[in-house]
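Asker: Listed in order, the protein sequences are those of chains A and B. Each number in my numbering comes from the position in the first sequence (counting from 1) with 490 added on. Each number in my numbering comes from the position in the second sequence (counting from 1) with 490 added on.
If you are wondering where the hints come from, they were derived from the structure by calculation, not from laboratory data. Since the structure is predicted, the reported quantities are computational estimates derived from the model, not experimental observations.
Beyond 10 Å from chain A on every Cβ pair, some chain B residues (computed):
| # | residue |
| --- | --- |
| 1 | P492 |
| 2 | Q582 |
| 3 | R639 |
| 4 | E748 |
| 5 | K776 |
| 6 | T777 |
| 7 | P821 |
| 8 | K861 |
Covered by chain B, per the in silico footprint, the following chain A stretches (three or more residues, Cβ under 8 Å):
| # | segment |
| --- | --- |
| 9 | 514-525 |
| 10 | 541-549 |
| 11 | 604-616 |
Sample of chain A residues facing chain B (criterion: CB under 7 Å; computed from the structure):
| # | residue |
| --- | --- |
| 12 | L537 |
| 13 | T591 |
| 14 | S592 |
| 15 | I595 |
| 16 | D698 |
| 17 | H797 |
Where a beta carbon is used, it is the ideal one built from N, C-alpha and C, also for glycine.
2 protein chains.
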Amino acid sequence: MPEHDAILFIAASETDSNLFYACRFLAGDPFVYTQIGDEKILLMSDLELGRARDESKVDTVLSYSRYEGLAKNAGVTTPQATDVLHVLFQEQGVKRLLVPTSFGIAHGDRLRDLGYEIKCKPEPFIEERVVKSDEEIAHITESQRQTERAVQKAIDAIREAKPRKDFLYINGEVLTAEKLKHILNVSLMEAGCVARHTIVAPGAQGADPHNQGTGPIRPNESIVMDVFPQSSHTRYWADMTRTVVRGKASDRLKAMYEAVHAAQEVCFSRLKAGANGAELHTEVQKTLSDAGFLTEERNGKMVGYFHGTGHGLGLDIHEPPRIGKGGKDLPENTVVTVEPGLYYPEHGAVRIEDLVVVTADGYRSLTEFPKYLEI
Amino acid sequence: MPEHDAILFIAASETDSNLFYACRFLAGDPFVYTQIGDEKILLMSDLELGRARDESKVDTVLSYSRYEGLAKNAGVTTPQATDVLHVLFQEQGVKRLLVPTSFGIAHGDRLRDLGYEIKCKPEPFIEERVVKSDEEIAHITESQRQTERAVQKAIDAIREAKPRKDFLYINGEVLTAEKLKHILNVSLMEAGCVARHTIVAPGAQGADPHNQGTGPIRPNESIVMDVFPQSSHTRYWADMTRTVVRGKASDRLKAMYEAVHAAQEVCFSRLKAGANGAELHTEVQKTLSDAGFLTEERNGKMVGYFHGTGHGLGLDIHEPPRIGKGGKDLPENTVVTVEPGLYYPEHGAVRIEDLVVVTADGYRSLTEFPKYLEI
Numbered sequence: 491m492p493e494h495d496a497i498l499f500i501a502a503s504e505t506d507s508n509l510f511y512a513c514r515f516l517a518g519d520p521f522v523y524t525q526i527g528d529e530k531i532l533l534m535s536d537l538e539l540g541r542a543r544d545e546s547k548v549d550t551v552l553s554y555s556r557y558e559g560l561a562k563n564a565g566v567t568t569p570q571a572t573d574v575l576h577v578l579f580q581e582q583g584v585k586r587l588l589v590p591t592s593f594g595i596a597h598g599d600r601l602r603d604l605g606y607e608i609k610c611k612p613e614p615f616i617e618e619r620v621v622k623s624d625e626e627i628a629h630i631t632e633s634q635r636q637t638e639r640a641v642q643k644a645i646d647a648i649r650e651a652k653p654r655k656d657f658l659y660i661n662g663e664v665l666t667a668e669k670l671k672h673i674l675n676v677s678l679m680e681a682g683c684v685a686r687h688t689i690v691a692p693g694a695q696g697a698d699p700h701n702q703g704t705g706p707i708r709p710n711e712s713i714v715m716d717v718f719p720q721s722s723h724t725r726y727w728a729d730m731t732r733t734v735v736r737g738k739a740s741d742r743l744k745a746m747y748e749a750v751h752a753a754q755e756v757c758f759s760r761l762k763a764g765a766n767g768a769e770l771h772t773e774v775q776k777t778l779s780d781a782g783f784l785t786e787e788r789n790g791k792m793v794g795y796f797h798g799t800g801h802g803l804g805l806d807i808h809e810p811p812r813i814g815k816g817g818k819d820l821p822e823n824t825v826v827t828v829e830p831g832l833y834y835p836e837h838g839a840v841r842i843e844d845l846v847v848v849t850a851d852g853y854r855s856l857t858e859f860p861k862y863l864e865i
Numbered sequence: 491m492p493e494h495d496a497i498l499f500i501a502a503s504e505t506d507s508n509l510f511y512a513c514r515f516l517a518g519d520p521f522v523y524t525q526i527g528d529e530k531i532l533l534m535s536d537l538e539l540g541r542a543r544d545e546s547k548v549d550t551v552l553s554y555s556r557y558e559g560l561a562k563n564a565g566v567t568t569p570q571a572t573d574v575l576h577v578l579f580q581e582q583g584v585k586r587l588l589v590p591t592s593f594g595i596a597h598g599d600r601l602r603d604l605g606y607e608i609k610c611k612p613e614p615f616i617e618e619r620v621v622k623s624d625e626e627i628a629h630i631t632e633s634q635r636q637t638e639r640a641v642q643k644a645i646d647a648i649r650e651a652k653p654r655k656d657f658l659y660i661n662g663e664v665l666t667a668e669k670l671k672h673i674l675n676v677s678l679m680e681a682g683c684v685a686r687h688t689i690v691a692p693g694a695q696g697a698d699p700h701n702q703g704t705g706p707i708r709p710n711e712s713i714v715m716d717v718f719p720q721s722s723h724t725r726y727w728a729d730m731t732r733t734v735v736r737g738k739a740s741d742r743l744k745a746m747y748e749a750v751h752a753a754q755e756v757c758f759s760r761l762k763a764g765a766n767g768a769e770l771h772t773e774v775q776k777t778l779s780d781a782g783f784l785t786e787e788r789n790g791k792m793v794g795y796f797h798g799t800g801h802g803l804g805l806d807i808h809e810p811p812r813i814g815k816g817g818k819d820l821p822e823n824t825v826v827t828v829e830p831g832l833y834y835p836e837h838g839a840v841r842i843e844d845l846v847v848v849t850a851d852g853y854r855s856l857t858e859f860p861k862y863l864e865i
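Construct all of the structure, not just a fragment, from the sequences and the given hints.
Answerer: As structure tokens, then:
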């Protein structure tokens, strides 16, 4: 006997990937999904009723308007989603609900007032989402190939640019982070992939790992390019980071690159189904600190290595499992990034990120793009 | 005396626009924002600490790690965000929290267990967001201009395409919904705007208002193009729909177009600050039904006019106020769409959507694009 009668989502599947995974129906506005026993049910507005019947992968699509009418008949003047659900749940004898941790507190309070027992399940709410099917891996790989094509175009532009004094010039204009992001994002959109927060961070900017980067690209400084688009068609993401220098890298920057590369290899060498995400991360941290790279706060900012080593990826850009603090054992056929980095504003930044499938005895890389620093 | 000691968000500002509006810091992963009295505070991970200090518009950026350490010192082995917050709230004497309705139930339950009183505030959580500043209107207008440039390119392609038997041909290939969406989305990305669910729905497909459209475009049938991108730079959206026919529209489709256009004009003629969103919608419905267009369910799908007349737009594509069921009085300087439509699979679909600012004595259109059916 399960401890609940029904699973419940009231959310927009555009932003809630568990909901999208469960019903395979995409909508930008919140809607109601419930699974009662084995029956998957959508309760859809008039606007989405037809499309939900055509596109969703559920057993039953019910009309929200019809149940709203029943709620009004039962005496509720302006029924909310919870009142409308109450009619359905009463019909079906549902009393105990299982919801994700993100379930809205207002709906939760209202359902509790109506007498429902609500239990939250932490992520992964849908455990099978962590393990990717061949089809899902194919979708992720396709997004990854488009990412690599785009990054190649950006690198071609950096290589083609000519250093003159402090800046790089291409077609008579200063090469900027904005221009490179434009090349990356437009190239990806041409391939049906949406890249929203592409990072092209030159020099000290790259030392803030999420700084998206602005302004001129200079010769002889690090350029961190972190590109992570979602396919509009399949909704699966990809993720890759490369760090390059146009010209000559300083010895310090070269040492940082070597250390990050080595740390990534350490992670790869230990990666396999059953390996522990937290332990892998500790190994990566140790490799970098053993190589002499300190992690600490300086002037209110962190330097060194201060983010996780990797994250699961699929319908979300960040999803379980984690290779980082609190990370659990990795299952076979999960897809994760491996992305150590080093960040020191005075020297620049290095991050190298590949995407891999975890296998029974190791891993299979989904990333084909080569690694090099100077171009 | 306010009824709460602090406002609290634990969310990702990428998807929670109230949070973005409050702190102007953009992140894809959840973070903690609280306003205690007048002081706006971010509690940021090491990864985002530097960027938050540089980019956010808050009074104080605190280190999550530091408070996590304090929670551990207080005996919590693996502190959750709520435990970390508890340290801060105890420091500051906070006991009563105001949260949005979307606040996650798991965090809410935990905070209640820790003794906090939690009150939800329904949308609009931040009331001033409904009223747009001149700067916000300028951002929306800029997104709208890019939308119009993109739609012009799509219409140019439709016009350029040559009918041959059942299809339209361009550069020797069948013109499809996919090609038109590609033109629209790439054109918008070139301008730094992200369009994700662009609709180009030919013929009967358009009769499902959210069907994004696939396959060949045929001569003499309706083509509904609904384009709504978000600027990557400002994060403000735009929204426009035009319906065209390449060739000759049937008399029935022409009548639908005239009725929808007239219904839009009826809404415009009554639109001004203080007008009621629900009443405006009823007027639009009445105009369409008086013109003989029935709204009803046929074979499990709705036909006629079965969506709202308009929605607020800003940092979200759909936000208060609504011109539709349950709509309230419209304030001055709010930005809304006005988008009546008619949907009959056997005849096709018509939707016409403009974006306007509500003024004291009427409205000012942000849409410059002309309206015509046949091209």
